[in-house]
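Engineer: Chains as they are written, first to last, in our numbering: chain A, 1 to 222; chain B, 1 to 341.
To be clear, the hints were calculated from the coordinates, so they are not data collected in a lab. One thing to keep in mind: the hints can contain errors.
Unchecked claim - Label-pair restraints from in silico Cβ distances:
{"hint": "1", "chain 1": "A", "residue 1": "V67", "chain 2": "B", "residue 2": "S169", "range": "42 to 52 Å"}
{"hint": "2", "chain 1": "A", "residue 1": "I219", "chain 2": "B", "residue 2": "S113", "range": "45 to 55 Å"}
{"hint": "3", "chain 1": "B", "residue 1": "P235", "chain 2": "A", "residue 2": "N54", "range": "41 to 51 Å"}
{"hint": "4", "chain 1": "A", "residue 1": "V67", "chain 2": "B", "residue 2": "P235", "range": "57 to 67 Å"}
{"hint": "5", "chain 1": "A", "residue 1": "N50", "chain 2": "B", "residue 2": "G191", "range": "49 to 59 Å"}
{"hint": "6", "chain 1": "A", "residue 1": "R222", "chain 2": "B", "residue 2": "Q243", "range": "32 to 42 Å"}
{"hint": "7", "chain 1": "B", "residue 1": "E59", "chain 2": "A", "residue 2": "N50", "range": "58 to 68 Å"}
{"hint": "8", "chain 1": "B", "residue 1": "S113", "chain 2": "A", "residue 2": "D121", "range": "27 to 37 Å"}
{"hint": "9", "chain 1": "B", "residue 1": "A170", "chain 2": "A", "residue 2": "L195", "range": "53 to 63 Å"}
{"hint": "10", "chain 1": "A", "residue 1": "L214", "chain 2": "B", "residue 2": "P73", "range": "39 to 49 Å"}
{"hint": "11", "chain 1": "A", "residue 1": "N50", "chain 2": "B", "residue 2": "G297", "range": "47 to 57 Å"}
Unchecked claim - Covered stretches of chain A (chain B as the covering partner; in silico rule of three or more C-beta atoms under 8 Å from a C-beta of chain B):
{"hint": "12", "region": "128–138"}
{"hint": "13", "region": "142–151"}
Note that the Cβ used here is the ideal one computed from N, Cα and C, for glycine as well.
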Amino acid sequence: MLSELFPNVNIEDLWVATQETLYMTVIAVIGTLILGILLGLLLFLTERGNLWENTILNFITATVVNVFRAIPFIILILLLFPFTDFLIGTIRGWKAALPALIIGAAPFYARLVEIGLKEVDKGVIEAAKAMGAKTNTIIFKVLLPESMPALISGITVTAIALISYTAMAGIIGAGGLGDLAYMKGFQRRDFDVVLACTILIIIIVFIFQIIGDLLSKAIDKR
Amino acid sequence: MLNIKNLSKIYQSNKKKVQAVDNVSLQIDKGEIFGVIGYSGAGKSTFVRLINRLEEPTEGSITIHDQDITNMPQHLLRTKRQKIGMIFQHFNLLWSRTVLENISFPLEIAGISRKERKEKALELVELVGLTGKEDAYPSQLSGGQKQRVGIARALANDPEVLLCDEATSALDPETTDDILDLLVSINKKLGLTIILITHEMHVIQKICHRVAVMENGKVVELGDVLDVFVKPQSPTTKRFVQQLNPLEHEEGNLTSFINDREDNEVVKLHFIGKDASRALISEVIKSFDIEVNILQGSISPTQEGAYGTLFIEIHAEKDVLTKAIHFIEDAGVEVEVLKHA
Chain A
1 MLSELFPNVN IEDLWVATQE TLYMTVIAVI GTLILGILLG LLLFLTERGN LWENTILNFI
61 TATVVNVFRA IPFIILILLL FPFTDFLIGT IRGWKAALPA LIIGAAPFYA RLVEIGLKEV
121 DKGVIEAAKA MGAKTNTIIF KVLLPESMPA LISGITVTAI ALISYTAMAG IIGAGGLGDL
181 AYMKGFQRRD FDVVLACTIL IIIIVFIFQI IGDLLSKAID KR
Chain B
1 MLNIKNLSKI YQSNKKKVQA VDNVSLQIDK GEIFGVIGYS GAGKSTFVRL INRLEEPTEG
61 SITIHDQDIT NMPQHLLRTK RQKIGMIFQH FNLLWSRTVL ENISFPLEIA GISRKERKEK
121 ALELVELVGL TGKEDAYPSQ LSGGQKQRVG IARALANDPE VLLCDEATSA LDPETTDDIL
181 DLLVSINKKL GLTIILITHE MHVIQKICHR VAVMENGKVV ELGDVLDVFV KPQSPTTKRF
241 VQQLNPLEHE EGNLTSFIND REDNEVVKLH FIGKDASRAL ISEVIKSFDI EVNILQGSIS
301 PTQEGAYGTL FIEIHAEKDV LTKAIHFIED AGVEVEVLKH A
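With these hints in hand, go ahead and build the complete structure from the sequences.
Structural biologist: Here it is, written out as structure tokens:
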């Protein structure tokens with residue numbers, strides 16, 4: 001029945017493309033998580049009246065974040081070609097998409113991290129200071145654990161944006177479901193391939209959303 | 001043990017200058033429960049934060065056990081803060097940690113081993129009466145229980161002094177009393193010095209030994225709780241005392257009893273300390289064979305003994321009346337004869 005509905009779909013191609021999309025997404029999510037939390041912490045901590053109050057550093061960080069958030073993703077990939085070539089040694093394949101994916105998504109996630117950190121009760125931070133906590137302790141034992149539900153729901157939203165970025169990256173040769181839909185589907189006018197890729201992407205999005213919701217709920221003891 | 005000299009805090013924002021704490025000097029003894037009362041904006045919250053330098057003093061000095069806090073470099077200050085416990089109006093617990101983990105937090109900061117942390121935390125859970133709640137999260141606790149966790153956490157590193165910032169202001173009256181009882185028992189059991197900030201005179205009356213009244217950043221009155229209650233000097237203090245004992249200032253209701261007849265006097269009696277428990281009125285009636293009409297009265301317990309106020313009307317011949325009043329005065333009770341204004 002499947003072969004009747006999708007006559008031009010090659011299951012093997014579809015499976016390889018799905019794996020490539022998953023690899024790209026998972027590794028990009030991990031990279032975004034790390035870079036985004038670092039940037040988010042920097043944005044938060046250098047703000048006025050905060051632990052590392054520093055107007056200049058805050059301004060620089062905010063500007064970098066805003067600039068990278070303003071560049072459309074498809075253009076960011078093109079801009080990053082030389083950087084990617086230097087870093088990965090190629091500009092083709094799913095690995096080559098990673099720098100652009102992470103640099104594209106991390107600033108967005110950084111803003112979500114900043115919002116999450118701002119919601120941490122100021123009184124709790126004050127209590128930690130009153131106990132003699134160092135800034136490191138405050139970051140790792142107060143700020144991050146207390147904002148964890150926001151950090152998780154933030155990375156879920158970002159991961160879903162990343163899945164759609166991987167599809168865009170596919171169009172310029174990064175592999176994955178986007179690549180398959182464009183090259184083997186759209187270019188050959190085999191729209192059943194496009195449809196099959198769409199369905200798989202939707203399934204992946206749903207899985208990420210469900211995992212994110214469950215995690216965020218499990219960790220929230222408020 | 002705690003010595004505060006000429007302490008000031010000025011907030012400078014744009015062109016506005018706000019003097020939150022204005023030249024405060026006081027000494028607090030070891031084992032004392034010292035209260036600071038004032039209306040909101042009086043500077044008391046800033047004052048308590050200057051003690052552990054959550055706010056940096058603009059001027060003045062603070063020494064604890066002859067150790068100057070004000071000039072301490074940051075890394076020493078952090079170690080010192082481990083010995084200055086603090087509890088807060090909104091408890092400020094970490095929602096992501098259980099009761100036991102919250103109490104262990106200051107021990108983690110002090111670098112205590114896991115095993116010792118658990119032992120100490122369990123000990124404190126018992127001390128504050130939360131046995132059975134070790135693995136509960138703050139969201140599963142009532143306000144009073146949360147403050148008990150706050151107290152246990154503040155005591156974790158065996159502090160020399162406990163700062164209480166409006167610690168009972170978010171609690172209902174009954175829970176407030178429970179928490180105050182707990183503070184008194186800790187004060188007695190551990191000999192812990194407690195500095196308590198509040199806007200409720202009831203709290204001061206119930207547990208403090210001495211009190212400072214703050215207004216506009218200044219200490220306007222300072223003394224033993226009993227003295228301040230019986231003879232409030234500043235208008236602010238009078239208002240606080242009135243808040244607790246409305247009778248004190250309702251002499252107006254008694255005007256109809258006051259007249260110019262020589263055989264009739266309305267007197268106000270102040271009972272202080274143990275005098276409050278003596279059956280003085282009945283002694284006076286028996287000894288002088290006079291008529292006494294009790295108009296109104298009240299009695300309030302404090303840490304240093306009770307104090308009471310009683311308004312009575314005495315009916316007797318002039319010389320007997322004078323003698324009776326002398327008798328009451330000799331018993332150590334303060335007498336004030338009310339006249340028409």
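Engineer: Can you tell me if the region 142–151 of chain A counts as covered by chain B, using C-beta to C-beta distances under 8 Å and a minimum of three residues?
Structural biologist: holds (count 4)
Engineer: Using the Cβ atoms, figure out if N50 (chain A) sits within 49 to 59 Å of G191 (chain B).
Structural biologist: violated (38 Å)
Engineer: R222 (chain A) and Q243 (chain B), beta-carbon distance inside 32 to 42 Å?
Structural biologist: holds (36 Å)
Engineer: For the range 27 to 37 Å, tell me whether the beta carbons of S113 (chain B) and D121 (chain A) fit it or not.
Structural biologist: Given range 27 to 37 Å: holds, Cβ gap about 29 Å.
Engineer: Given the hint of 41 to 51 Å, check if P235 (chain B) and N54 (chain A) actually sit that far apart at their C-beta atoms.
Structural biologist: holds (46 Å)
Engineer: Return holds or violated for the Cβ distance of A170 (chain B) and L195 (chain A) against the range 53 to 63 Å.
Structural biologist: holds (58 Å)
Engineer: Could you tell me whether the CB distance from V67 (chain A) to P235 (chain B) stays inside 57 to 67 Å?
Structural biologist: holds (60 Å)
Engineer: 45 to 55 Å was suggested as the range; check whether the CB atoms of I219 (chain A) and S113 (chain B) agree with it.
Structural biologist: This hint is violated: roughly 27 Å between Cβ atoms.
Engineer: For V67 (chain A) and S169 (chain B), compare the CB-CB distance with the range 42 to 52 Å and indicate the outcome.
Structural biologist: holds (47 Å)
Engineer: State, for the Cβ atoms of L214 (chain A) and P73 (chain B), whether the hinted interval 39 to 49 Å holds or is violated.
Structural biologist: holds (47 Å)
Engineer: Does the beta carbon distance between N50 (chain A) and G297 (chain B) stay inside 47 to 57 Å, or does it fall outside?
Structural biologist: Cβ of N50 (chain A) to Cβ of G297 (chain B): about 56 Å, so the range 47 to 57 Å holds.
Engineer: Just to be sure I understand the hint, the distance between the Cβ atoms of E59 (chain B) and N50 (chain A) should be within 58 to 68 Å; is that true here?
Structural biologist: violated (25 Å)
Violated hints for the displayed structure, listed by number in ascending order: 2, 5, 7.
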